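Chain by chain, the residues run as shown.
Protein chains: 2
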Amino acid sequence: MEQLHVATSTHDYTISIDENIRFNIQDYLTKKYTTIFIITDDQVAPLYLDDILYGLQDQRVVHTVIPSGEATKSIEYYYQLQTVALENRLDRQSLIIALGGGVIGDLAGFVAATFMRGIDYIQVPTTILSHDSSVGGKVAINHEQGKNLIGNFYPPVAVIYDVHTIQTLPENEIRSGYAELVKEAFISNEDFLQQLLAQPLSAISNEQLKKHLYEGVKVKAGIVEKDEKEANIRKYLNFGHTLAHAIEATLGYGRITHGEAVAIGMLFALHVSEQKYGRDLYYNELLTWLTDNHYPLSLFNIDMDTVIQLMKLDKKATNQEVQMVLLQQIGKPTVETIDETTLATYLQTFKKELTAI
Amino acid sequence: MEQLHVATSTHDYTISIDENIRFNIQDYLTKKYTTIFIITDDQVAPLYLDDILYGLQDQRVVHTVIPSGEATKSIEYYYQLQTVALENRLDRQSLIIALGGGVIGDLAGFVAATFMRGIDYIQVPTTILSHDSSVGGKVAINHEQGKNLIGNFYPPVAVIYDVHTIQTLPENEIRSGYAELVKEAFISNEDFLQQLLAQPLSAISNEQLKKHLYEGVKVKAGIVEKDEKEANIRKYLNFGHTLAHAIEATLGYGRITHGEAVAIGMLFALHVSEQKYGRDLYYNELLTWLTDNHYPLSLFNIDMDTVIQLMKLDKKATNQEVQMVLLQQIGKPTVETIDETTLATYLQTFKKELTAI
Numbered sequence: 004m005e006q007l008h009v010a011t012s013t014h015d016y017t018i019s020i021d022e023n024i025r026f027n028i029q030d031y032l033t034k035k036y037t038t039i040f041i042i043t044d045d046q047v048a049p050l051y052l053d054d055i056l057y058g059l060q061d062q063r064v065v066h067t068v069i070p071s072g073e074a075t076k077s078i079e080y081y082y083q084l085q086t087v088a089l090e091n092r093l094d095r096q097s098l099i100i101a102l103g104g105g106v107i108g109d110l111a112g113f114v115a116a117t118f119m120r121g122i123d124y125i126q127v128p129t130t131i132l133s134h135d136s137s138v139g140g141k142v143a144i145n146h147e148q149g150k151n152l153i154g155n156f157y158p159p160v161a162v163i164y165d166v167h168t169i170q171t172l173p174e175n176e177i178r179s180g181y182a183e184l185v186k187e188a189f190i191s192n193e194d195f196l197q198q199l200l201a202q203p204l205s206a207i208s209n210e211q212l213k214k215h216l217y218e219g220v221k222v223k224a225g226i227v228e229k230d231e232k233e234a235n236i237r238k239y240l241n242f243g244h245t246l247a248h249a250i251e252a253t254l255g256y257g258r259i260t261h262g263e264a265v266a267i268g269m270l271f272a273l274h275v276s277e278q279k280y281g282r283d284l285y286y287n288e289l290l291t292w293l294t295d296n297h298y299p300l301s302l303f304n305i306d307m308d309t310v311i312q313l314m315k316l317d318k319k320a321t322n323q324e325v326q327m328v329l330l331q332q333i334g335k336p337t338v339e340t341i342d343e344t345t346l347a348t349y350l351q352t353f354k355k356e357l358t359a360i
Numbered sequence: 004m005e006q007l008h009v010a011t012s013t014h015d016y017t018i019s020i021d022e023n024i025r026f027n028i029q030d031y032l033t034k035k036y037t038t039i040f041i042i043t044d045d046q047v048a049p050l051y052l053d054d055i056l057y058g059l060q061d062q063r064v065v066h067t068v069i070p071s072g073e074a075t076k077s078i079e080y081y082y083q084l085q086t087v088a089l090e091n092r093l094d095r096q097s098l099i100i101a102l103g104g105g106v107i108g109d110l111a112g113f114v115a116a117t118f119m120r121g122i123d124y125i126q127v128p129t130t131i132l133s134h135d136s137s138v139g140g141k142v143a144i145n146h147e148q149g150k151n152l153i154g155n156f157y158p159p160v161a162v163i164y165d166v167h168t169i170q171t172l173p174e175n176e177i178r179s180g181y182a183e184l185v186k187e188a189f190i191s192n193e194d195f196l197q198q199l200l201a202q203p204l205s206a207i208s209n210e211q212l213k214k215h216l217y218e219g220v221k222v223k224a225g226i227v228e229k230d231e232k233e234a235n236i237r238k239y240l241n242f243g244h245t246l247a248h249a250i251e252a253t254l255g256y257g258r259i260t261h262g263e264a265v266a267i268g269m270l271f272a273l274h275v276s277e278q279k280y281g282r283d284l285y286y287n288e289l290l291t292w293l294t295d296n297h298y299p300l301s302l303f304n305i306d307m308d309t310v311i312q313l314m315k316l317d318k319k320a321t322n323q324e325v326q327m328v329l330l331q332q333i334g335k336p337t338v339e340t341i342d343e344t345t346l347a348t349y350l351q352t353f354k355k356e357l358t359a360i
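First to last, the sequence lines map onto chains U and X.
For the first sequence, this note's numbering gives the first residue as 4, with consecutive numbering after it.
For the second sequence, this note's numbering gives the first residue as 4, with consecutive numbering after it.
Keep in mind the hints are simulated off the structure, nothing from the lab.
Predicted model, so just to flag it, every value in this text is computed and none were measured.
The reader is advised that the hints may include incorrect statements.
Identical copies look the same in the list; a pair holds intra-copy or inter-copy alike.
Cut-off 27 Å, straight-line C-alpha distance, at most; resulting in silico cross-link-like pairs (BS3-like, lysine-lysine) [unchecked claim]:
(1) 335 with 238
(2) 315 with 335
(3) 315 with 35
(4) 150 with 315
(5) 229 with 35
(6) 214 with 335
(7) 355 with 279
(8) 232 with 35
(9) 35 with 238
(10) 34 with 238
(11) 315 with 34
The shape of chain U in the complex, shown without the other chains (with noise of 0.2 Å):
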């Protein structure tokens, strides 16, 4: 088993990373609670549900499933969701699990938050992708105006990673978890990178995955303990995300992963640090191994007047001027601003080179 231990400024907790820990989340648990409640979707509990309500035997325990997608993450869900705790007669002494991706941890991690003042939960994640929103106690529901823009920091007391999970994701999914992994070791280590862009996708072992999940989350949890809040440092792990958001609205919440789009973002972060900085920063490594495995850059064929609008729109930007990280070398993010002029001939060269492949 490979395990982390995360210190924040209520609490510490433990990241345990491991096949098949699923049907044993007793073991983890590190006080009595009342009743455990469990938040799920509608593709994880038929896979999943049973084996964690297996290990909880001796528990008063209660879940809700809830429709798969990012639709789930609105005003109405995260009422929903404290009305059926309170109808289970949830108090301050019970706990929420958290089963699923990135939906589910944003969305019963805000419940969490904020029922009666604020109670415990364990992230149980079942996707690549959520190694990183489950670390860092970034939860958060979605405004119509934008993604995320309802939260709080509030961090887990636990994250238990089972890897088998992962062997039921789709292609993309993968991809789109590798990428926010390739993202971590760019901006903290080289070797990791050397190793993650060695790897083909189709061919990961359990035992692999083990070992990048917890190269990843340690990358995530050591910013975020130096960082809680993100006044800082933490912003680099926004690597390849200003364009990447931009991406996604774009071509519309669906047409392309998370991940898909920060792995275009992060070729272009550092096509434009490799001009910048006049270094070579594994562009073209980065380039070969997403087309490789598939990677749908094909899809940058859009707009750019509209993805440089967006960019200016980002909820990083300042008097919408556009904040980007870039690379000085490998494992050296620096956040700078981006004039407009300059932003539109960067992205038009890259553009260029992404479409003459």
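Dock chain X against chain U, hints included.
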């Protein structure tokens, strides 16, 4: 000016109490904000909104006025305020000012706690009662199934208390606020208690009010500093509240103010405490003061079985056993579990005493 400093797990803040400081909010801001968003209600706005705006002329200020009353502490108004904040382009460097009583403070505080994962807010209380809710960082909205069931612990960055605003309060609101001051005296300080019980409510000067608020806030702040998240001694602040919540629920909210119900609850807690500990605990003195000041004690003529059932459902109850804050002596509160039969007996004798007046 009276000032108090409160330390919390995330930051320190200052409570300032004086006359006419509502014109100078600017002086209490410790940093530059991109936008200041004032949330107030339609009773307070005509009286004091312009005064607040006057002192913020150099800033980008927006405001919204919602109906007064408990009904706005709802999920619908909560979401609507998030929308107004987004439409007015608030960002992570913006400030919310809660201008009003406890409802506005709780609601606007919860919006601040969860807007883009939390922004700064200032409490500008305009009632005596809200000296209590504006300090300590409890923010919340109501759920159909109960009050304050959805919320956070999220301290303000400042509390600015202009005693002038209290001159416009109706008599029942003055009684309501002073009952909480009397509560704070009972659980902490016999001198303060004697001062209050010697004071007719019809003849309070602003100077006296400042002193009383200062003493009350000092008790509250001292307790929440030691127990921010209600793990132990913060429970003492519920002196009088277990019965009060049951009275409010039985009569229907609106027929009696919160503090007036707390007054009856305290009297009952003293009735139980005097019998249990065989000691004089100002029961008679409090009864006289409440009668002289027209507290609506006759409203306690309600069904005792209903009251007992409601007390068993209290948020602080465990396994449906009633927990009451009692006094061993003035300034020495304790939390005791009371079984149902004993509770019924105490309630009957208390009701007999009250209705015999």
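**OP:** Using 27 Å as the alpha carbon limit, work out where residue 229 and residue 35 are close: within a copy, between copies, both or neither.
**Re:** between (30 Å within a copy, 25 Å between copies)
Original post:
When no copy is named, should residue 355 and residue 279 be tagged within, between, both, or neither for a Cα gap of at most 27 Å?
Top reply: within (18 Å within a copy, 85 Å between copies)
Subject >> Within, between, both or neither: residue 35, residue 238 at alpha-carbon 27 Å >> reply: Classified as between; 21 Å across copies, 37 Å inside a copy.
Original post:
Within a copy, between copies, both or neither: where do residue 214 and residue 335 come within 27 Å Cα-Cα?
Top reply: within (23 Å within a copy, 56 Å between copies)
Original post:
How would you label the pair residue 315, residue 35 (within, between, both, or neither) given a Cα cut-off of 27 Å?
Top reply: between (48 Å within a copy, 22 Å between copies)
Original post:
For residue 315 vs residue 335, is the C-alpha pair at or below 27 Å within one copy, between two copies, both, or neither?
Top reply: Cα proximity of residue 315 and residue 335: one copy only (24 Å, versus 59 Å across).
**OP:** Have a look at residue 150 and residue 315 and pick one of within, between, both or neither, based on CA distance no larger than 27 Å.
**Re:** Classified as within; 16 Å inside a copy, 41 Å across copies.
Original post:
From the Cα coordinates, with 27 Å as the cut-off, is the pair residue 335 and residue 238 best called within, between, both, or neither?
Top reply: within (13 Å within a copy, 49 Å between copies)
**OP:** First find the shortest C-alpha distance between residue 232 and residue 35 inside one copy, then the shortest across copies, and answer within, between, both or neither for a cut-off of 27 Å.
**Re:** between (30 Å within a copy, 19 Å between copies)
Subject >> Intra- versus inter-subunit Cα pairing at 27 Å for residue 315 with residue 34 >> reply: Answer is between; shortest inter-copy Cα gap is 25 Å, intra-copy 46 Å.
Subject >> Alpha-carbon proximity between residue 34 and residue 238, which holds within one copy, between copies, both or neither at 27 Å >> reply: between (34 Å within a copy, 22 Å between copies)
Against the hints set out earlier in the document, no violation occurs for any number.
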